[in-house]
Amino acid sequence: MLLTIRSLTKSFPGTKALDGVNFDLVAGEVHALLGENGAGKSTLIKCLTGAYRRDAGEIRLDGRAISPGSTSEAQDLGIGTVYQEVNLLANLTVAQNLTFGREPRRFGLVDGRAQKRAAEEMLQGYGLNIDVGRDLGSYSVAIQQIIAIARAVEVSGKVLILDEPTASLDAAEVAMLFDVVRRLRDRGLGIVFVSHFLDQVFALCDRLTVLRNGQHVVTERTDGLDRLALIHHMLGRELEAVETQGHAEGAGVQKPEMLRFDGMGRAGVIEPFDLKVRRGEVIGFAGLLGSGRTESAELLFGLRRARTGSARDTDGPLTIDTPQAAIAAGFGFAPEDRKTEGIVADLSIRENIILALQARRGWARRLPRAEQDRLAAQYIESLDIRTSDAEKPIGELSGGNQQKVVLARWLAMNPRFLILDEPTRGIDVGAHAEILKLIGRLTEDGMSVLIISSELDELVVAADRIIVVRDRRHVRELTGADLTADTILAAIAADDSPDESSGKNPVAIAAADAPKTAKEVR
Amino acid sequence: MMRSLKRVAPQLLTLVVLAALVSWFFPGFLRIELTDGRLVGPVIDILKRGAPVALLAVGMTLVVATGGIDLSVGTVMAITGAVAASALVSGWGVPVALVLAMGAGLAAGFWNGCLVSVLGIQPIVATLILMTAGRGIAQLITEGRILTFTDTGFGFLGSGSLMGIPVPTLLWVSTAVLVALLMRRTALGLLIEAVGVNRRASALAGVNARGLIIVVYMASGLCAALAGIIATADIRGADANNAGLWLELDAILAVVIGGNSLLGGRFSIAAAVLGAMIIQTINTGILLAGFPSEYNLVIKAVLVLAILMIQSPHLASEWALIRLQAERRRTVRGQEGTR
Amino acid sequence: MNPRTFPLLATIAIFLVAYAICSAQYPTIFSTRVAGNLLTDNAYLGIVAVGMTLVILSGGIDLSVGSVIAFSGVFIAVMLRDSGLHPVVVFALLLMITTLFGAAMGGLIDILAMPPFIVTLAGMFLARGVAYMLTIDSVPIDHAVYDFLQGAYYLMPGKGRLTFIGVLMLLTVLAGMIVAHRTRFGASVFALGGGIATARLMGVKVRRTTVLIYAFSGFMSGLAGIVFSIYTGSGYPLAAVGTELTAIAAVVIGGTLLSGGAGYMFGTLVGVLTMGLIQTYIIFDGTLSSWWTKIVIGVLLLSFILLQKALVHLSTRRQGAV
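Protein chains in written order, with this note's numbering: chain V, 253 to 774; chain B, 647 to 985; chain E, 800 to 1121.
No wet-lab data here; the hints were simulated from the structure.
Check before you lean on any hint, since a few could be wrong.
Said to hold, decoys possible - The calculated label-pair distances, taken between Cβ atoms and stated as ranges, are:
{"#": "1", "chain 1": "E", "residue 1": "L1106", "chain 2": "V", "residue 2": "G353", "range": "27 to 37 Å"}
{"#": "2", "chain 1": "V", "residue 1": "L619", "chain 2": "B", "residue 2": "I811", "range": "30 to 40 Å"}
{"#": "3", "chain 1": "B", "residue 1": "T832", "chain 2": "V", "residue 2": "R354", "range": "53 to 63 Å"}
As the list claims (entries may be wrong) - Stretch by stretch, here's where chain B covers chain E in the computed footprint (C-beta under 8 Å, at least three residues):
{"#": "4", "region": "905-916"}
{"#": "5", "region": "992-1006"}
Quick reminder that beta carbons are idealized off the backbone N, C-alpha and C, glycines included.
One chain only, chain V, in its complex shape (with noise of 0.2 Å):
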C-alpha cells in the first residue's frame, strides 16, 4: 500500500468536514475521489497537501506516519498536486518552471542551457514537442497542465493529486492528458483524480472512492460499477427532477418568432451565424471548448462588437454593441467563469442580486432599499439559496449558491432573452437539477433562454433546439427526433477540414462521450 489514510478527522467552526475518513491509495492506480461539493474532498486532499493540519486520525506514506505542514513538505514526501487553475508561472519560461527551486547551476549561477536540457528531459515521455525557452503562457492550458504535472512527478514522484485537471480542456486535450495519466500510472506512480465528470471517471480511473457529508461512503473497482448506484452514492437520494423534464416533441416550432439576428460575426472570432429565437424557446449550443460557442454567445450580447450581422425584434432593427445595449434589449447573460465574470465577491448576495437591475435604472435613482430587501429574500427564498443573511458577501457562498445568484441577479430583470454559459459547470448534482428544473419554469412564463453546455446530456433534457458549434462556424442544427446525444457526437466529431488535434487520436471523442451517461441515467 503506498498511501494510507485512517479516521482522518478534521472540523471547522460549525462543521465537521470530515469525519473519519479512510482511503487507501496503491503504486500504479488512478483512485478517482467523488462526491457532491461540500463532501470533504478539498478538505482530505489540502490535508494530504499540507495546508491544513487534520485533528485526528492517521496518514501513511509508504508505512511511515507522516503529517505535512505546508505544501512543500508534502512535495519533499512524495505528494505532488495539480490544481484546475495551473499554479505555475506564466512570466517565466517553460524551462524555468520545470526547474524552479532546482535549476543547474555552474559557478553559482544559473547555466541556462543545462536547465534547458534539463526541461527538455523531463518532457520526455509526456509526448510534448516545444520549445522550453518560450514563457509558459504561451502555451495552451492543456500544455501548462501536462508540465505542472511533469514538474509535479519530478518534484515528488510517489503521489500525484489531480485536482479537476480537465475542468477547462476540450476533448482532445482530455484525451492527450489522460494518455500522459495512464504512462505515468503505468510507471508506478499512485494517482488521485478528482472530478466532477462520471464519464471521465470511468475512462480513466481504476478504483473509485465516494464520500458525502464529510464520511467515507465506498470504495470501488471502476469497471462493472453500474452508474445509477454511484450517482445513489454520491447523492444519497436518487436524481429524480431531470428525466421528468423533457421536452415536447417540435413544440417549439410553433412558438412566435421573437428576435432573429442575421449574419452576426466577428473575423477570427466566428463566422457569421444567423440565429432565430422563438418566445419560451430553450436553444443550446453545443461544442468543444474553443469552438466558438461561447464566442457566438458574446457576440449576441454585445460582450464583443459584431463586426458584420444585425439584430431585430418584432419591433425592429436593435443595435446590440455593448452589454448595456443588450441589457436595454432585455437580454441576460450569465457567464462562464462565474468567478470572474458573474460574482462581485466582496459585494453583499442583496447588492449582487440588483445590480444590473440598478444600472439599468442608471446611478440616479437608486432602488429604495425596502424594494432592495424585498427582490433579495424573494429570490434567496424561490432559488432555494442558501445563507443565513441577505448581507453576507456572496463570495463567501458555494459554487452553486453563487451560481443562483447571478441567475437572482438576471431574473430580477426579468429579461426576454437569457443566455446561460454553462450554468451547472462545477456545481453539485443536487443544484444542478435544480437549475435545469429552473430553466424548464421560466419558459412556460414565455422567456427564451440558451444554453451553452459541454454536458451533451444536459442539453437534450434542456433544449427545444440545439446547434452544433466547430471550428469558429455554426455547422448543424438539430431538432426533434435529431436531439439526441448521439446525433450531436457524431455532428461535433464530423470531420470535414481535419484538425490535427482531435484528428490523429480517437480517443479524444471516447473522453466526451456523455451520452451513455446520460442515457443510463435515464
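Given chain V, put chains B and E in place with the hints provided.
This is chains B and E only, laid out in the frame that chain V set:
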C-alpha cells in the same frame, strides 16, 4: 447610522488618542477662543491646514475604491493654482479664475481617466505621467516664476472665515458631506464599489464601468482643483514648484489610514477625511508639543507606521499564529518530556 | 524570436534613434566626452534604478530611495566631519544601515500584508526625517579619499572622461543583471512578480525573498548615496527629492512592466541613459527652459507605455490566431 459610526470608530479613537497625547505635551491643545469674530485655537488650525489633504482624500477615496490610485493630484494642485493665478494676474476676475481652475482639474482628471479606462494603463503608471509632466506644465504657465496677485476676493477662499469658521474648513467639510451624500443617496457608491471589486463582472451586468472610472478620476481632479485654489488663495500666489508637492502621498496615506483597501471595493469618505485630520493632527501636534521641526518627519513616520500596524488585520492573525506555534512547540516538548 | 524581448529591443532602438537625432543636430553630442558625462551625471540614478528594477520585477515599489540617498549623503558628511573614521569604514557602516533599513521595510510589507507603496512611503518619511535630525544644513565633505575618488578617471580617446562613479554604475548594472537573470534568487523575484500565491506553491520562500529584495534596494540606495556624495562633494538633507519617481520612470522606459514579472535589468540602463540624453539635449539647446525636461519625460513615459500596450496586444492577438 450605527454601522457607519462603527466603520469610523478606529479613526475616531486614533484622533482621541492623538489629542490626548498632544494635550499631555501642550495642555492648551483643545482650547478654542473667539477673537474678532473668528474661532481660534490649535484644533481650528488643524481643521484649516488639513483642508488640502482632506479635499484630495475625498477624490482619492473614490479613485481607490475603483482599485485605482491618483498620483497626479499634487501636480494638479500646482496646475490649477497656476491657472487661477494667471487668470487673476490677467485681470479676468475671480469667477473666471475659479471656472478655469476647476476646468483644468476636470480636464486633468479626464486625461487620467481615459488613460486608465479606455487605454487600460495601470493607474499608478497612468497618473505618474501627469505627475511628472504636470509640474512642467504648471511651470510653463507661470513661466517658472511665482505668480503673485492681490485679489482679496480670491484670497478670502484661503484665509477668510465665515461665521467664525475658516473658509477652507467649510469647503472641505461641505465637499466631503456632499460627495458622501451623493454616493449613498444615489447608486453611485454601490456601482463604484462593484467596479472596484470586479470590473468585468460589473460591466457584464450592465454597469458602465468605463464611464464610472473616468468620472472618479475627474472627481479626483476637481477635488485637487479645489485644494489648489485654497493653497493658492492662502499664499496669494502660485508656486508651480512647491504647490501640492508630495501631498498626493499624504492623501493616499489618509485614505489608507481611513481603512480603505488600496485594492478597491468598499469605501468610506468619512473615514478618509478623518485620516486626513489624523495626519494634520500629527503635523501640528509635533510642533505644538515643542519638538524641533527637524523631528517632524521621523515622528510622523513612526506614528503612521504604528497606526498602520494596529489597523493591519494581518497582524492579529500573525500574532495568533505565532502564539499557536509557540504553544505547539511547548506541547511537543511536553510530550517528548513524558516519553 | 521570443516576444518577451520586444520591449527591451524597442527601448534600445528608441535610444539609438534619439541619440542619432541629437547627434545630427549637435554633432558634439556624438563624442566620448558627452558619453562620459552621461555616465557620470547619471551614475547615482543608474545605481538606484538597479535596485528599483528588482523591486518592480517582484511586483513591488520602493518610494524610499530618494530619501535614503539624502540620508546617506548627510550620514557620510556628518560622520566624516565629527567622528574621524576612515571613509571606507563609514561607507561600510552606511551600507549596513541602508540594507537593514530596506530589509526592515521588506519584513513589514510581508508581515503586515501592507501594500509596498504605503510601507515604503513611511520609509521615505523616516529616512528623510533622520537626515534632518542629523543636520538641516548642507555639509561639505572634505577628505583626501574624496579628492581621489572625484579625480579618478580614465581618459578615453576623444578626451572623454570615464569616471570612477561612471564605471561603478556600469558594474552595478552588470551585477544587477546577474542577480536578476542568473540566480535562483532572481528567479524567485520574477516568480513573486508573476503571483505571490503561485510563487509560494512553487516553493518560493516569500518572506525571505521579499526581505532580500528590499534589502537589495536599500543597499543600492546606500551605494547611490555614496556615489551622489562623491558627485556633489557634500551631504544635504534636501538632496535627491523625487529621485524615486525618476528611477521608476527610468525602469518603465527601460521596458520593465510596472506590474512586475517581466523586464530586463539592461533595459533600465538604457532607460536611465535615455533620460540623461534628454537633459543633455536641453542643455545643448540652451533656449529651452528646464521644465521641458519634465514634459518630455512625461511624453516619453506615455509613448513607452503605449508601445508596450500595443506589443502585448499584438502578441496576444497572434497567439489567439494560432
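How the hints compare with the structure:
Our hint of 27 to 37 Å for L1106 (chain E) and G353 (chain V) holds, since their Cβ atoms are close to 34 Å apart. In this structure the supplied range 30 to 40 Å holds for L619 (chain V) paired with I811 (chain B), their Cβ-Cβ distance being about 37 Å. One distance hint, 53 to 63 Å for the beta-carbon pair T832 (chain B) and R354 (chain V), holds here, with the actual separation near 57 Å. Chain B is given as covering the region 905-916 of chain E, and this holds because 7 residues of the stretch bring a CB closer than 8 Å to a CB of that chain, at least three being needed.
With 0 residues having a beta carbon nearer than 8 Å to a beta carbon of chain B, the region 992-1006 of chain E misses the requirement of three or more and the stated coverage is violated.
Hint check: a violation occurs at hint 5 only; the rest are consistent with the structure.
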